[in-house]
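Model the full structure from these sequences, guided by the hints.
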Amino acid sequence: MSPAQTQATVPVQRAMGCLVASIQVDLNEAVIQQLADSLLEALHRQGARGVILDLSGVSIMDAEEFAALRKIERMAGLMGARTIYAGLKPGVVSALVDLDADVARMVASRSLDDAFLLIDAESEAEEATAEAEESDVE
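When the sequence shown is numbered by my numbering, its final residue is 854 and no position is left out of the sequence of numbers.
Some clues are possibly wrong.
[Stated by the list, open to error] Cross-link-like lysine to any residue pairs, in silico, SDA-like; alpha carbons within 25 Å at most:
no., residue 1, residue 2
1, Lys787, Ser851
2, Lys787, Val774
3, Lys805, Asp816
Keep in mind the hints are simulated off the structure, nothing from the lab.
Shown next as structure tokens:
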């Protein structure tokens, strides 16, 4: 198979109770579909409290690709996982804002480490809320 025929894939790995998709290839329809399939299958098989989309390897993203990632985020949410976008480059951020992409309620971090901290903080806040609601019932 020639390099042009080889399809790039996005690995999905489990770390610290989260699924991490490290996107180090150019995005296109096939890559995004593979990512969605792999991520949803991993969520179904393994479960996770969070999904981290590591975009540190992405230099260019158009509005359509971003919308597809937001769709994956919604799918993961329906499976009980919160999504964090990690490592967005300044040029990508600027382009998304210029394209008027929907960034409402999007959670992002500068790095993978910061993404894990955000997920831990959100999990702790949810646990505290659940405990408070339980004590109100009693």
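Here is what the structure says about each hint:
{"no.": "1", "hint": "Lys787 with Ser851", "result": "36 Å, violated"}
{"no.": "2", "hint": "Lys787 with Val774", "result": "18 Å, holds"}
{"no.": "3", "hint": "Lys805 with Asp816", "result": "17 Å, holds"}
In this structure, the one hint that does not hold is number 1.
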